[in-house]
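Protein chains in written order, with our numbering: chain A, 6 to 301; chain B, 49 to 573; chain C, 836 to 1178.
These aren't lab readings, by the way, just hints derived from the structure by calculation.
Note that CB positions come from ideal geometry on N, CA and C, so glycine has one too.
Be aware that one or more of the hints could be misleading.
Chain C regions said to be covered by chain A (calculated; three or more residues, Cβ under 8 Å) [stated by the list, open to error]:
| # | region |
| --- | --- |
| 1 | 864-871 |
| 2 | 985-997 |
| 3 | 1111-1120 |
| 4 | 1126-1134 |
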Amino acid sequence: MQPVKVYQEDRIASPAKRVWITFSANPFALAGLWSISLLLLLTLFGPMIAPFAPETQDPRALLLPPSWDPSGTVTHFLGTDDLGRDIFSRLLYGAHLTFGMALLIVITALIIGFIIGSLSGMMRGLKSSILAHLLDSLLSIPSLLMAILVVAVMGPGLENVFWAVGIALTPQFVRSIHHSVHEELQKEYVTAARLDGANSLQVFWYVIMPNVWEVVIIQTTLAISAAILDIAALGFLNLGAQAPSPEWGAMVAQGMDNLLTAPWAVTIPGLAILFSVLAINLVGDGLRSALAPIRN
Amino acid sequence: MSGLLVACSPQQLPSGLVYCSEGNPESFNPQLVTSGTTIDATSHQIYSRLIDYDTQSGKLVPALATSWAMSDDGLSYRFTLRENVQFQHSSRFIPSRYFNADDVLFSFNRIIDAQHPYHFVSRTGYPFFQSIGFSEQVKKIEKINEHEVVLYLNRKDASFLSNLATDFAIILSDEYAQQQLALGQPENVDHFAIGTGPFTLVQYAKNEYIRYRRNPDYWGEPANVEMLVFDITLKSTTRLAKLITGDCSVSALPKAGELAVIKQHEELNIESQPGLNVAFWAFNTQKPPLNDVRVRRALAYAVDKQDILRAVYQNTAIEATGVLPPASWAYENNKRIDDYNPQKARDLLKEAGVANLSIDIWAMPVARAYNPNTMKTAELIQSDLANIGVKVNIISYDWSVFTQRLSRDEYDSVLIGWNADNSDPDNFFTPILSCSAMQSNNNRSRWCNPEFDALLDSAREIADQAERKVIYQQAEAFLADQVPLLSFAHAKRVILTRHDISNMQVTPFGGISFARTSQVHSEAN
Amino acid sequence: MFAYLLRRLNLFLATSLVMIGVLFYATGLFPVERTYALTGIHAPTTSQLIQIEQDYKLDKHSGWQFIAYLQQRLSGNLGISVTSHQQVAEELRSVLPASFELATMAAIIAICLGVPIGVLASQSQHKLTQNTIMAITLTGYSVPVFWLGLYLSLWFGVDLGWLPISGQINLLYEIKPITGFMLVDTLLSKSEYGMSAFKDALLHIILPAMTLAVLPFTVVVRSTRSAMMNVMDQTYIRAAEARGMHTSTIILRHALPNALIPVLKHLGLMLGSFASYAIVVEMIFSWPGVGSWLVSGIYQRDYTVIQGGILAVALLIIFLSILIEVLHTVFNPLSRKDLYATR
Chain A
6 MQPVKVYQED
16 RIASPAKRVW
26 ITFSANPFAL
36 AGLWSISLLL
46 LLTLFGPMIA
56 PFAPETQDPR
66 ALLLPPSWDP
76 SGTVTHFLGT
86 DDLGRDIFSR
96 LLYGAHLTFG
106 MALLIVITAL
116 IIGFIIGSLS
126 GMMRGLKSSI
136 LAHLLDSLLS
146 IPSLLMAILV
156 VAVMGPGLEN
166 VFWAVGIALT
176 PQFVRSIHHS
186 VHEELQKEYV
196 TAARLDGANS
206 LQVFWYVIMP
216 NVWEVVIIQT
226 TLAISAAILD
236 IAALGFLNLG
246 AQAPSPEWGA
256 MVAQGMDNLL
266 TAPWAVTIPG
276 LAILFSVLAI
286 NLVGDGLRSA
296 LAPIRN
Chain B
49 MSGLLVACSP
59 QQLPSGLVYC
69 SEGNPESFNP
79 QLVTSGTTID
89 ATSHQIYSRL
99 IDYDTQSGKL
109 VPALATSWAM
119 SDDGLSYRFT
129 LRENVQFQHS
139 SRFIPSRYFN
149 ADDVLFSFNR
159 IIDAQHPYHF
169 VSRTGYPFFQ
179 SIGFSEQVKK
189 IEKINEHEVV
199 LYLNRKDASF
209 LSNLATDFAI
219 ILSDEYAQQQ
229 LALGQPENVD
239 HFAIGTGPFT
249 LVQYAKNEYI
259 RYRRNPDYWG
269 EPANVEMLVF
279 DITLKSTTRL
289 AKLITGDCSV
299 SALPKAGELA
309 VIKQHEELNI
319 ESQPGLNVAF
329 WAFNTQKPPL
339 NDVRVRRALA
349 YAVDKQDILR
359 AVYQNTAIEA
369 TGVLPPASWA
379 YENNKRIDDY
389 NPQKARDLLK
399 EAGVANLSID
409 IWAMPVARAY
419 NPNTMKTAEL
429 IQSDLANIGV
439 KVNIISYDWS
449 VFTQRLSRDE
459 YDSVLIGWNA
469 DNSDPDNFFT
479 PILSCSAMQS
489 NNNRSRWCNP
499 EFDALLDSAR
509 EIADQAERKV
519 IYQQAEAFLA
529 DQVPLLSFAH
539 AKRVILTRHD
549 ISNMQVTPFG
559 GISFARTSQV
569 HSEAN
Chain C
836 MFAYLLRRLN
846 LFLATSLVMI
856 GVLFYATGLF
866 PVERTYALTG
876 IHAPTTSQLI
886 QIEQDYKLDK
896 HSGWQFIAYL
906 QQRLSGNLGI
916 SVTSHQQVAE
926 ELRSVLPASF
936 ELATMAAIIA
946 ICLGVPIGVL
956 ASQSQHKLTQ
966 NTIMAITLTG
976 YSVPVFWLGL
986 YLSLWFGVDL
996 GWLPISGQIN
1006 LLYEIKPITG
1016 FMLVDTLLSK
1026 SEYGMSAFKD
1036 ALLHIILPAM
1046 TLAVLPFTVV
1056 VRSTRSAMMN
1066 VMDQTYIRAA
1076 EARGMHTSTI
1086 ILRHALPNAL
1096 IPVLKHLGLM
1106 LGSFASYAIV
1116 VEMIFSWPGV
1126 GSWLVSGIYQ
1136 RDYTVIQGGI
1146 LAVALLIIFL
1156 SILIEVLHTV
1166 FNPLSRKDLY
1176 ATR
C-alpha cells in the first residue's frame, strides 16, 4: 500500500533513480545500453547460434561476399574469408574473445585497483605521495608500450594480452580511486563522521564510498572501451591473438591480405569493434551527464 | 610568380627505379646466406661471378672469367680472368688496382680454408657451400698468374660449373678485405659491400630502403637506370598499393588473389615464368615421433594438396609430385592416386602407436616465390590434421628470429621451400637433403641417409643427361618412400611492373637482376 | 613559482627513475641471457663479457646493478641492435624526428579544425548541428585507428589514387638529413628537385597525419565545447554582452582564451593514448618513426631496441605531460591557488 501523501510535494527520488531518469531520457545512451546487452548476450550465447565452427574451412567457398551482394549466399551471411571460414560465425566467437576478454580484464583491474586505490587513498603523508608518483609514472607508459613490454617478456598470445592490457589498465583504476578517496577524505563531512566516533573502516565504507562509486562507474566504462581497442590493436599488430583466432583485431589483420580483393573481411570485424566501443562510449557519456548534477 | 609556376608544373622525379622488396637482407654478402631476399638485394646488383647463366638459353656464359677449360680427368678447371675490371668506389674504399687472381683466391679461400682470417668472420657459416660439400670437393685454388687461376677438385662433379654460376659464388675484393682487416673491422666487408656489379651500394636503412647507384666502371654494358632503390615493404597488400599509387615501379611476390586486381589496372603488367622451385613441409626427422617413418607417411596422407593449391595459390601453381619441378629436365610426373587419404593416415598413426599427437608447424613469416602465404598454408594443414586427430600449433617469428631459431633445431616441422640457384637437378637434392646440408642447417628435415647421398654422388659423376635422369628418379622414389618432407607446389615466379618499365627479366631460378631494366619516363604524373 | 617548478622537476625525475626501474626489472625477465638483453651483443667474446660485467656490475647485488644500468642508459649507451649491429641510440636519433613531424602535423590539424568546430558546437542553436558534431566526435573516439587507417588508404590511395599511402617520401628523392624533419630537409636541400620533393613529402604526410589527428581532434572538439559552454555562462561574459559587444569579439577576445585552458589540460591527459595511436598509425603507413621501429624491434626480438624505444617514448610523455601541466598553471592564475596546497 502506498504511504499516504501528507504534503503536496513530490517524493524525492533516490540518487540512483534520479540518475536512471536522466539517463533514460537520453535516447542515444539508451540505445547504447541496449547494444551492450545484446553484445553481452552474444558473448555468452554466441557460439550456440553460430552456424559454423570458427575454424571450419570450406574450400569451395573462398572469399564469398556477404549475402546482400549478388554473388553472396545466405549460408554464409557475412561472407567468408580466404580460407572459406564463415565470417559471421567467427564474429560471434570473436565477441567472446574481444568483448568478453575486455570485460574480464576490466573486472580484474577494477578489483585490484579498488583494493590498492582505497587502501592507499586512506593513507596519508609520504607513503601516499610515493605511491602517487609511482602511479603517475606507470600511467605515463602508453598502454600499447606496456603491452609491448609484456609481449617481449612473455611472447605473443591471447593469454598474454590479458596481462598486458590488465597491467596497463590497473594503474588508471588505482589512481582515480586513490584520488577521489583522498579528496573525499579532506572534506568536512568526513571529519564530522570521525568526530561521531566512526573508525577508519566505517568512514571508508559508509561515508566515503557512496561518493566514490560514480568515479568507479565512469572509469569502468572508459576502461572497457580502452580495453577493447587495445586488445584489437594488439591482435592487429600480431602481438596478441595469433592467426587462426577469431579475435576481431586479428581478423582485421588476417583480412588485410585480401584488402583489395575482399574488403568485407576487413570491414566487418572493424565495424564490430566500432559498434561495441561506440555502444560503451554512448553509455559512458550518458552516465557522465546523468551523474554530473549529483557530482557537483 | 615563379613559385606558382613551380607549384603548377608536373612533378619532377629524379631518374631511377624503385623496387618494392619483401624484407630486410640479413647480410650484404650472398656467400653467407641462402635466403632469397638477400640474394635479390646483392648478388646481381652489387657483385659479379666468374661465370653466369644466360637467362634465355640456360647456357653458361663468361662473366669475370672470359674463358674456362676442364682438364681431361675432370679434376681441375682453369679460368682466364677478365682484365681492366674496376671494383666499386665507396666512402670507405678506393681501389688502387684492377680485379685479379688474388680476389678470386680470397673469395673462395675464405669459404674452404678454416685457417683463413676471414673464415669465421661469418657467424652463419657458408650454408650453400657447406650444403654442397664445397670445401671437401675443392682441393685447392692456384694462382697461375695475375689473370689465370686453376681450381683442383677431389672428385669429378658434373654440377661443379653450375654451382660456380649460382648467385652465391660471387667475387669479393681482396684489397678491401685486407684493408678492413688491418683496421680491425673485417665484418665491414659483409655489411658495406664492394663488388664489381652494375650497381654500387650507397645506403641501407633497416626496414626502410636500400639505395644503389649505377656503377660507372661496370665491366659489362652499364645499367640503364641511374639509381635503384629497394623499398622494403613487408606486406604484400602494401606492395601492391604502392605499385598502384606509383611509389614503386616494380614489385615482387604478389599473393595469388591479387592478380585479379592487377588485371583491372591497365598501367600494371604481370611478368611470370614457371619457376624452378618447390614448396614443402619438412619434418624434423631427428625428433620423436617424427623420426618414425609411419608417422611422417600418415601426416603426408592427411594433407589435401588440392586445397592448398586452391586457397593459397588460387590455382596458379602446379601440384608437386616430388621435389623436382616440371621445368627441370629430370622431372617425371610421379602422381599417386591415393595422395590424400585421411583414413589411411589414421590407420598408419594407430599402427605407429601414436595417439593424441600434437605437433608444431613453423610457418615462414615472409612471402617467397614458392609460397606466397605460408601462414595460410599452415592453417589449411592445421584443419586437415584436425581431421585425423592431430593437434597443430602454428609458430611464426620475424624472419631473422625465425632462421636463427630454426638453426637450433628444436622445431617439429617447418613450412618452407627451395628456389633453385641453377638449372642442374642436383640443386634440388644436395643442398636441401644431403648429410652435408644437415651440418649447414640447410637440411630442414634434418635427414641424413648415406644411401641417398651415395645415389646423389653417383649422379654427379656422370655427364650423360639421360643416365642422370634415371638416378634422380630413383632419388625421388627414395624420398617418396621415406617422406622426410612433403612437397606440395611449384609456383610461378611473378614480378609486377608498371607499364613504363621494360626489359624486366624474370628468370626461373636465382635472384632478381636490374642490370638491363630500363624505364621510359612519362610526363604524366 | 620557483618552488613549484622545482617540485615539478622533482616529479619528472622521480617518475623517470621509476620508469627506468621498470625497464631494468624487465631486462631480467626477457627470455634471453642477461648480458644479451642489456647490451644486444650476441655470444660475446671473453673480453667483451668482462667489459659487460664491469659496465653493468653484474657481480654485485641488484641495487648496484640498477645504478650501473642507470649510469649506462643516462650516458646514452643503449646497447646495440641485434639485427642491424648499430648503436640503438644512433638509430633512435634517426627515427625520432619522423615521429615528431607526424605528431606535430596531426596536432596542428586537430587544433586548427577542432577549436573552431568545438566553438561552433557550443554556440550553435541547432539541435541538428550539435548532434551531428557530437556523433562525429563520438564515432571518432570509438573507431579503431588501424581500421580507419586501412580504409583511408584504400579510398584515397588505391581507389581514388590521390595520395600516397606509405612511407615519408618517394625514395627516388635522395634527401640528406639535416634536421631529420623531412619537410624541412626537402626545403633545405640544394638539389634541383628540392621543391617537388617538398610537395611529395607533403602529400605523403597527409593521410597518416589525418588518421592520427582523429583522436586529438575529438578530444579538442569535446573539451572546447564544454569549456566554452562553461565560460559563456560566466558573469563577465554576460557583462560584455550587456555592454553590447559583438558576439564574435566576445568569443575571440574573452571567452576562447579562457576556454582553451581546460582544453590544454585534456590534451595533456590524452598523450598516452595518442602515443599508442601513433605507433599503430606508423605501422599502417610504414612511417619510419619510433613506433614502427619499436614494433619491428619486437617482431625481431631485438631487446635493446625494445628497451630504448620504450624508454624514449615514456620519458618523452612524462616530460610533455609535466610541461603541459606547468603551462596550464602558468596560463591559469586560478590553479596557482593550490600550488602550495598539501596534496
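Do three or more residues of the region 864-871 of chain C come closer than 8 Å to chain A, measuring C-beta to C-beta? holds (count 3)
Examine the region 985-997 of chain C: at least three residues should have C-beta closer than 8 Å to a C-beta of chain A. Satisfied; 4 residues make the cut.
Are there three or more residues in the region 1126-1134 of chain C whose C-beta lies closer than 8 Å to some C-beta of chain A? With 4 residues in contact (Cβ-Cβ under 8 Å with chain A), the coverage given for the region 1126-1134 of chain C holds.
Check of the region 1111-1120 of chain C against chain A for coverage (Cβ-Cβ below 8 Å, three residues minimum): holds (count 4)
Checked against the numbered hints given earlier, the structure satisfies every one of them.
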